[in-house]
Amino acid sequence: MASVPRSFLLLSIIPTILILCADFACCNTGRKTGDGLDTDFSGFSVPLEHSFQVDDVSRFRMRGALQLRGGRETSVSLSQSQLSEEDRNTLKVGEEVAAVDGLYKIRVPRVSLTDRQTERQMDGYLTAFVRACSLVESHLSDVITLHTDVSGYLIGVSIVTIPGACRGTEVEDEVDLEAFNTTLTIIAPTNAPQPETALFIERMDIEHEKRGKPQEQKSFFAKYWMYIVPLVLFLMMSGAQDQSGGGAANGGGR
Amino acid sequence: MYPPSLVVTFTKKSSVKMAKLTSLFVISLSFFCISEAVFEDQVGKFDWRQQYVGKTLFAHFESNTQSSKKMFVATDKNIFASFNSRTGDLLWRHVDKTGPEGSIDILLLHGQDALMVVGDGRLLRSWDTNIGGLNWEAVLDTGSFQAACFVAIQDTVKLVAVLKKAALSLHYLSNGHQKWVENLPDSDAVQYQAVYSGGEEEVYVLGVVPNSHLTIIAYSLEDGEIIKQRSVEASWLSSVESSCVVVGQGVLMCVDPATLALYTLPIQAEETPEFSQILLQVLYLSPTVSPGFQPVLVSSQPHPARSPLSEFFLQLGPDHHVLLQLNADGYTIAPLRDFQPAFLVSFATTGKKTVAAVMTPKNETVMLRHSCDPNPRWLSPLSFPLQACAINLFSVDSGRRLLDTTVLFPLELNGGKPHALYVHAFLKKDDSVGYRVLVQTQDHALTFIQQPGRVVWTREEALADVVTMEMVDLPLTGTQAELEGEFGKKADGLFPMVLKRLSSQVTLLQAWLAHLWKLFYEARKPRGQVKNEVTIETLSRDEFNLQKMMVMVTASGKLFGIDSKSGSILWKHYLENVQPNAAFKLIVQRTTAHFPHPPQCTLLIKDKDTGLATLHVFNPIFGRKSHIALPALPRPILQSLLLPVIDQDYAKVLLLVDDQYKVTAFPSTKNVLQQLQEMASSIFFYLIRSDQGNLSGFRLRKDLSTERIWEVVLPTEVQKIVAVKGKRPNEHVHSQGRVMGDRSVLYKYLNPNLLAVVTESTDTHPERAFVGVFLVDGVTGRIIHEAVQRKARGPVHFVHSENWVVYEYWNTKSRRNEFSVLELFEGTELYNSTVFSSLDRPHLPQVLQQTYIFPSPITTMEATLTEKGITSRHLLVGLPSGAILSLPKMFLDPRRPEVVTEHSREENLIPYAPEMPIRTEWFINYNQTVARVKGIYTAPSGLESTCLVVAYGLDIYQTRVYPSKQFDVLKDDYDYVLISSVLFALFFATMISKRLAQVKLLNRAWR
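Protein sequence lines, in the order shown, are assigned to chains A and B. In this text, residue positions in the first sequence follow the numbering used here: the first is 344, and each later residue adds one. In this text, residue positions in the second sequence follow the numbering used here: the first is 380, and each later residue adds one.
Just chain A, with the same shape it has in the complex:
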């Protein structure tokens, strides 16, 4: 009874391994893909390197290639090969000597996504790390994030594993350490908000309208016409009398 599901499992694992041999993680920032006008920004590839040594000396080796695509739509994808037997052992050793807190480091060269190919590469690398034990315990499932600045330069890379804790659990299955299960994202800076004056004033207007249009909306004249009109009339009357009286006085003077 028990052997049947086991053989079934085996059968199902084989094709997955085959697929994972060329594991392909891909993402884009969610902007619309579409017009293929950006032939200039047809994408380019930079190496993703990693280092996991028991001693603290970093020796970076190739882990995969990042396919970067700049321009209007920024996207990134990663093609990476399986871990070799040797690497697996080193990583396992790294985990066994977890007491020394071995680190698993990755690095990518500093590049720009927008500049022309010749100027893309700058000297230096961007480095990040995660504890080797957590990488092993998470069965090589990691999340790599690339950060760019406003003008498209890569400024930082970060790596975390899910789960991130080191509990000291033994990873028995060699299969779990063969291929990476990578989630890859690229993040551009968000725009910080401006003060929301327009919305606020709009809301104020709505609130005022809700309260109905009280006397406030009436003009000054409309409100007080009953006082103003008699007053003006009275003034005009008295003024006319004055003028005539003054004229008479003047005339008398001459």
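Note that these hints are calculated values from the structure, not bench results. If you're wondering where the values come from, they're calculated on a predicted model, not measured in any experiment. Cβ atoms here follow ideal geometry from the backbone N, Cα and C, with glycine treated the same way. Hints are not guaranteed to be accurate.
To be verified - Derived Cβ-Cβ restraints for the label pairs, each shown as a range: (1) B/Ile510 <-> A/Met579: 56 to 64 Å; (2) B/His976 <-> A/Ile505: 45 to 53 Å; (3) B/Pro1023 <-> A/Ile505: 23 to 31 Å; (4) A/Val572 <-> B/Gly1120: 53 to 61 Å; (5) B/Gln1056 <-> A/Arg402: 21 to 29 Å.
Based on the hints, put chain B in the right spot on chain A.
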């Protein structure tokens, strides 16, 4: 109701909107009315302010009578001020612009007028010295300022002459109008450096072509016409300003250090004579000019309408002065008196008499031994064992010492050396000369001394430039400390412990009784007479830890210990060889909590040019230097970090990272090194190279070397890092989350390793400029949040605390200041509620942000801090007006809703309004403005409700703030009598009623 609508109908549409906006503000604010103003009787009770002026450049006394009280100073902080010379208090003070625009080039005093040239010859100002009002101000032509002097016409001073690089102008003293201005001939080649007027009809301008010849031009006072112009061969002369003076009847006297000779030349002479040379040897002066010392001539012109005195001083070395006299023939010189050793000399005139004041060391034998030292003592760091200096007056005519004119100037042990001498001489009733003297020391302190050596007052002007400060708890009293010590010691048997406990209880009882007696005794005295003299001996912590020691570090290298309650300076310590551009970092390594170990502070002094650092370790309570072995720091220091690791003496470990990323520990005992080795793999630190835009993280290795583990690079072509701030290590956050309207909890993202990095764009075009805000984890280098504020530029002021960052910037498009707040939340569920680790937080936090308009520029910003973090937070904002605004954090909350809902009302959220209010009740310093606020320091007190605040800049202001009001303190006017009488009444009522009830029961039982 009607008047506002009247206004509205007659204004434009935009202002209609604004009026509505503000009216809604008033309405919304009235709901959240938090009154925080100070009551009239509380003024000065918990707060104090001290005003300073800075390092004195020019000082003058008002008039030469014994009764005059005023003196005037102009300082390097661009301040013109007047002191009361009896008390040292400020009478008035004018604070001009900072930087070269407001710098004071010269201060001249004549009668009631003080003339000042400001901003390298930009403005000429005249002040009324009585009230400190501005008489007039004249804008001068462009050109850098060289010299200025008063010009007299027929014995009355009517004009002032200002010499610029290429022009000479005369201005009327009465109204500042320009009489004439003349361009100087050949001003490209000739450096005009001095202007002289001796009361004649001409004004002379002296210029020099270095190492070639001297040019003298005489201008007519009437119309500025050149009367004479001649040049005299002087191949030895390089600068008129530094090596020449005018003495006697218009004779130019110059000194040449190379040939050790004096040169004389009559300025007014018709023909063109040569300089006549007089070798110093001829004057029987031992030409012992110290190596590298430029001889200096000092002369005096008591009245601008008359020619200068024919006597003058020649300074030959740091402590060697000679009084000389020019004979009537105009070219021979007679030595009057040789002063060696003498630090400082000064002329002073009263009436017809002119005297010379000379400062000499008191202890002459010591000085003689030192004068064999080839190095000039002034420059050597050797502190010579000198107790005091003596100042004496000498008659100028004869060089004889005047009797009974000695004044002793006490030198402090850790103070600066005398630097300048200003003498106020006056005629006494018996026609003898009396004087008071103002001594300026190297540590910028001013000391005013009266005969016979009484220090009238001292002003510590170094405090005008505080760089950094810390507040340290005061130690416990002796008895309290003993009680504490009892628990610290190891148990030695039951019986001795009981005995010890009893004895300490008895001492406590004694202390309490003494305290009661003192209270009773003081209560009988009238209130005004009770004086709480604070001295260093009587210092002890009060009940609520409200009184602390303020340790202030000033730019001049002088350290101060100030009592926070009274503001009195309890100790001071001058560090002599501190470079003027040094950077300081003050670290509290051991607090007062570890009796019997004394508290310990470490000051890291870093030379900005070389990067080399030195440490000064001291006791913050007494200011004494500790005699602890300091680590050798041969390489430039990049970063210092204080670890929570403590050594066996309870001192926190300070790690210093040098430019080869090697780490030095201080203290570096065996114990510490062992602990460091054990913890090495969990010690992470970061370095920031703002010039390269590079942020990198390191981990410590066991051998104290380091390993680079992460790197983030912000390209400098796009943006440059302007500031990085972490969180304060002594900050407590009481609540982990916020309860929302629907009773669910929104958890805060409380990452203690989070750094806020602020950048500014290199492109300064108003449309393209931006301010970047990055939140980076200091351990993993992970960018937690990255935001760009478009169309914005600095200066950016920001505060990073708890789970929020508040920053202020200038909006280039709308041309206004704006505040923005970022808050980070984990969400409604915590990832790991027991412990926070940067290495194990895979999910990014939610970031909320809101922006507001702030109607004023700001100069600095800080958040309040309390003991347990229960009290709500306020932001303390220093405004350029000198006010300090206490802005509730409630107004800076990104969850302020646009539309009010049931939930938001439940949460007490203020509806969003784009404009931030400034209410005058929020000014915590009411009318005590703090000029040029540079920093605000906050410290928790023992009371949860109370936060201690110190604002420093030009002035120092200390106060307490209560962000959530004084919820844990009874009010001052609490009615103790009423509450106790009610209690007693109730008590007796129950007694009586109990008795009555008993009687009633008994009676009933008998029935």
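Of the hints given before, which are not true for this structure? No hint contradicted; all consistent.
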